[in-house]
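A.B. asks: Chains as they are written, first to last, in UniProt numbering: chain L, 1 to 538; chain B, 1 to 538.
For the record, the hints were derived by calculation from the structure and aren't laboratory data.
It cannot be assumed that every hint is accurate.
As the list claims (entries may be wrong) - Calculated from the model, a selection of chain B residues having no Cβ within reach of chain L, i.e. all distances over 10 Å: (1) Glu127; (2) Asp210; (3) Thr211; (4) Lys255; (5) Met280; (6) Gly297; (7) Arg407; (8) Val410; (9) Lys414; (10) Asp479.
Claimed, not checked - Okay, the calculated bits of chain L under chain B, using three or more residues with CB under 8 Å as the criterion: (11) 169 to 180; (12) 310 to 320; (13) 466 to 472.
To be verified - When the alpha-carbon atoms are kept at most 30 Å apart in a straight line, the in silico DSS-like pairs for lysine-lysine are as follows: (14) B:Lys255 - L:Lys414; (15) B:Lys370 - B:Lys358; (16) B:Lys358 - L:Lys431; (17) L:Lys155 - B:Lys255; (18) B:Lys416 - L:Lys414; (19) L:Lys404 - B:Lys255; (20) B:Lys459 - B:Lys416; (21) L:Lys416 - B:Lys436; (22) L:Lys358 - L:Lys370; (23) B:Lys358 - L:Lys414; (24) L:Lys370 - L:Lys155.
Quick reminder that beta carbons are idealized off the backbone N, C-alpha and C, glycines included.
Number of protein chains: 2
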Amino acid sequence: MTKTRLYLYDTTLRDGQQTQGVQFSTAEKIQIARALDALGVDHIEGGWPGANPTDSEFFAQDLGTRATMTAFGMTKRVGRSAGNDDVLAAVLDAGTAAVCLVGKTHEFHVTTALGVTLEENLTAIAESFQHITAKTREALFDAEHFFDGYRANPKYALSCLRAALDAGARWIVLCDTNGGTLPADVGRITGEVIAAGIPGDRLGIHCHDDTGNAVACSLAAVDAGARQIQGTLNGLGERCGNANLVSLIPTLLLKDPYASRFETGVTLQALAGILRTSRMLDDILNRVPSRGAAYVGASAFAHKAGLHASAILKDPTTYEHIPPETVGNARIIPMSNQAGQSNLRARLAAAGIAVEAKDPRLGGILDDIKLREDQGYAYDGAQASFELLARRALGLCPQFFEVKRYRVTVERRKNKRNQTVTLSEAVVVVKVGDKKMLSVSESMDASGTDRGPVNALWKALAKDLGPYQAYIDDMHLVDFKVRITQGGTEAVTRVIIDSEDSAGKRWSTVGVSPNIVDASFEALLDAITWKLIRDGAS
Amino acid sequence: MTKTRLYLYDTTLRDGQQTQGVQFSTAEKIQIARALDALGVDHIEGGWPGANPTDSEFFAQDLGTRATMTAFGMTKRVGRSAGNDDVLAAVLDAGTAAVCLVGKTHEFHVTTALGVTLEENLTAIAESFQHITAKTREALFDAEHFFDGYRANPKYALSCLRAALDAGARWIVLCDTNGGTLPADVGRITGEVIAAGIPGDRLGIHCHDDTGNAVACSLAAVDAGARQIQGTLNGLGERCGNANLVSLIPTLLLKDPYASRFETGVTLQALAGILRTSRMLDDILNRVPSRGAAYVGASAFAHKAGLHASAILKDPTTYEHIPPETVGNARIIPMSNQAGQSNLRARLAAAGIAVEAKDPRLGGILDDIKLREDQGYAYDGAQASFELLARRALGLCPQFFEVKRYRVTVERRKNKRNQTVTLSEAVVVVKVGDKKMLSVSESMDASGTDRGPVNALWKALAKDLGPYQAYIDDMHLVDFKVRITQGGTEAVTRVIIDSEDSAGKRWSTVGVSPNIVDASFEALLDAITWKLIRDGAS
């Protein structure tokens, strides 16, 4: 049976940027657009040219994407011709192959928000689309508030859709702008629109997550016959966000009835990269990825319940609805239960540490991990510290050097020009063999900015490790994450440090203490020790 | 028309605790149970007595909740009588009014996971429910993997439901254990179960969010006739979590067809407290509340798009599907646009700072906020710092004292007993009027634990402020949040400090710097200054 084509329209760069606190730079927009193109979406809505300088700058690039680059705007304003509307002109000037114009379909909005007559609005829609199709652009009509408008006045709402369709719009996109429509209504109304003569293969759906149903509403529209889905990566978007394509795409490709009925521009191979794409966006936004996200969350295939964990070992399909690797994810069996031991051995083997199945020290390591996790340690995100913990328990972790003491000072005062300046300084005393070494460093960077006590401590620690210095010369800190794991005045701090060597190899270590400097120092020591072991220092 | 009763079953304390990294203390479980009872759910599933010491401890309490306290367990094991199954006995020993037992309904699981015959499993279900109903407990059957089981062998899956029903189970709960079933299938199969003779008013639905559809699947089951919804606060739960009751409850109470067809135990008054309940759980878990959460997210009613913001001012219903206050939320119009100025004035007025509508300084304050937010400041969570920023711009912020300099030292060394100890010490020099004061403090707490440089700094700063000392004697730090707002080595740190006075009044301040000590110091200064202004110091 031949499959029906479903089209995916991404608006991460436009509606996604409506997320509170989100403002992409042009470079970030380009990075996201390339990732979307690699994923295989059909349209990339890049922004509203003219409304926002970054957007115009973005459209000035020629990325040569396979996906159709699309500019967003609004139908011409009443009282001027389409050709004389400067807002519309700016949108067309972006020169994109496709143009999506938002227009009113809800009589209440036409009269209240726009303050024009219903007839004037219909004309504005028709003339706008005649104008852009005359310029041979692919035209999309973003039918704002369609579902509310249809409930209020179905006849008028439909006449707005027809006006755009008759004027040459390729796609009529039913928008639930306020996100208040529930899946059953989206399905029913979409079906009625098709019954009223708007072909399903010309219909798109654009949902928001204000009731937590954006994904389900999109599927309901497809069930009813719509053939384009609009959404964003990680469900970014105005208010509660848009339909999350990272949740929708795996469902469309992997689960029936969709998998057997439809095909999209996304291949199974590209699907395996969707987790990385999702993480890339979180990195750009410096957001902590949602552990519980459908398909791509770090916990999406974590089996904590004892019953589940043991059954999973017999057959993964007992508690997994899809194989984790199909979306680039992986199974996690928490080590804090019986099923954990074999899982622990697997993780150690992966780190090149072989342990016998019956080795009693495995239980000890699990208990130690449990204990330390209660104290605030987190080993999921600190594989290198996990390995060192195991090595210490197994007597496989040489003590390369001993830290005798350190002292960090942060001083803030007025300089000669009476400007307030801050300077951090660190002294570290380590003993290598029977040789004692004192190192001192301050934390001023090239630009003269003080980067704080942890930076100073790292510089001092990495300054002179005698025979081991050569091993760490090519290593540097690439990221530093801080989390208070207990609120209140008893606050305990968890620090996770990502390090990298000249070959681009990355490793993560963790430290925990009520004193943030101590926590950081612990993570720094682990980072160095792991590097020395990895490079075979002795 | 009389409304049909829908029942809400909360499993935050049981399935919710299956969330990776979540482990409630008994005190936390009690706090959550009281909040759930105040909200108005019908059942509170408290845990699995016997499987987990905390759970047994929790059930030992008598909270006198209106909601039915429920213990979770599993049907008796094959090969022993219900009366001789110690696991089942432990569940009954908890003495709860209701008991929910999970049992198999999927032939594959009966044979693969349990390794018993289909007949033995049916008998185990029947005898288990006869046993607990004989003890006059309200009995619920958690039909594990029901949807997958029904697809594989509908006849057997249904016979499992009937076995429990005939043995006296009050509720038959259809569980989509793996979370892989989509809304349309949940609706269809629930309808077929009712058609097969299991009454809808005896049916519950238990969904997981592995495809991002748990809320929609729950609604689909209700549409088909199920009358109990199981879920958790904030969608906690195994893997991607359970159906989120914080999303479902507002939909059921505020939106049609549900609002007009059904009633629950939740009043509109209690609904207005649901945001607080959601935040309380995040506080317990020390989680950053999801800004985009349906109904209760901080961004759920934030109107960033210019078109939206201006229309909202004309009529909120133009871009809001429900009034924010009905769920205890509030509208946010970002201040970085025209609509922002009136919003800014409103926020200032709320802080007792009156500014004329046309005051040009309003624009300056907005620009300043925008600029500082780009640097990493966040004023949403730091109202006191926001007020001070505005006061400075308006010349309403007296300089009570001047910080000449400070110095913080963190030292780690071996003590006489050769134990590694860390000590933080801070020296602060402030000038009040023409009087200079030096204060020094260390950060050791009562238990002898070093609490780090920020703690030492706070103690030194609050030690002697001369004439202002009396104003700050009753203030203390209650929370400290750190966030790295730029990743990598250029990391910039945002610190938010919550302070409280003896009257229980709380206020939040923010500081930003590449140096975490400096960032903290800035937030501390704001905290003190705000207190002095609030208490009318001069």
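A.B. asks: Against each hint, give a clear statement of whether it holds in the structure.
C.D. replies: Against the structure, the hints:
1. Its beta-carbon lying about 20 Å from the closest one in chain L, Glu127 of chain B satisfies the requirement of being farther than 10 Å from that chain.
2. Under the 10 Å C-beta cut-off, the non-interface status given to Asp210 of chain B relative to chain L is violated; the minimum distance is some 6 Å.
3. The claim that Thr211 of chain B lies off the interface is violated: its Cβ sits roughly 5 Å from the closest Cβ of chain L, which falls inside the 10 Å cut-off.
4. The Cβ of Lys255 of chain B sits about 7 Å from the closest Cβ of chain L, inside the 10 Å cut-off, so the non-interface label is violated.
5. Distance check on Met280 of chain B: its Cβ is at least 12 Å (rounded) from any Cβ of chain L, clearing the 10 Å threshold; non-interface status holds.
6. Taking the minimum C-beta to C-beta distance to chain L, about 6 Å, the non-interface status of Gly297 of chain B is violated against the 10 Å cut.
7. The Cβ of Arg407 of chain B does not lie farther than 10 Å from every Cβ of chain L; its closest approach is about 5 Å, which violates its non-interface assignment.
8. Chain L draws Val410 of chain B into its interface by the beta-carbon criterion, the shortest separation being 4 Å against a cut-off of 10 Å.
9. Residue placement check: Lys414 of chain B does not keep its beta carbon more than 10 Å from all beta carbons of chain L (closest about 7 Å).
10. A cut-off of 10 Å between C-beta atoms contradicts the statement that Asp479 of chain B is not in contact with chain L; the least separation is 5 Å.
11. For the region 169 to 180 of chain L, the stated coverage by chain B is satisfied: 4 residues place a CB nearer than 8 Å to a CB of that chain, which reaches the threshold of 3.
12. Only when three residues or more bring their CB closer than 8 Å to a CB of chain B does the claim for the region 310 to 320 of chain L stand; here the count is 6, and the claim holds.
13. Note: the region 466 to 472 of chain L has 0 residues with beta-carbon separation from chain B under 8 Å; the three-residue rule is not met and the coverage is violated.
14. Restraint check for Lys255 of chain B and Lys414 of chain L: not satisfied, since their Cα atoms lie roughly 61 Å apart, outside the 30 Å limit.
15. For the given pair, Lys370 of chain B sits about 20 Å from Lys358 of chain B by alpha-carbon distance, which is consistent with the 30 Å threshold.
16. Note on Lys358 of chain B and Lys431 of chain L: the hinted pairing is violated, with a Cα-Cα distance of about 67 Å set against a maximum of 30 Å.
17. Annotation: proposed proximity of Lys155 of chain L to Lys255 of chain B holds, straight-line Cα distance about 24 Å (limit 30 Å).
18. The suggested pairing of Lys416 of chain B with Lys414 of chain L is violated, with an alpha-carbon distance near 38 Å, which exceeds 30 Å.
19. For the hint linking Lys404 of chain L to Lys255 of chain B, the alpha-carbon distance of about 66 Å lies beyond 30 Å, and the restraint is violated.
20. The straight-line distance between the Cα atoms of Lys459 of chain B and Lys416 of chain B is roughly 27 Å, inside the 30 Å bound, and the hint therefore holds.
21. For the proposed pair Lys416 of chain L and Lys436 of chain B, the alpha carbon gap of about 19 Å is at most 30 Å, so the pair holds.
22. Taking the CA atoms of Lys358 of chain L and Lys370 of chain L, the gap is about 20 Å. The hint holds against a cut of 30 Å.
23. In summary, the hint linking Lys358 of chain B to Lys414 of chain L is not supported, as the alpha carbons are separated by about 39 Å, beyond the 30 Å threshold.
24. Of the pairs offered as hints, the one joining Lys370 of chain L and Lys155 of chain L is violated, with about 63 Å between alpha carbons and a cut-off of 30 Å exceeded.
In the structure shown, a violation is registered for the earlier hints numbered 2, 3, 4, 6, 7, 8, 9, 10, 13, 14, 16, 18, 19, 23 and 24, in ascending order.
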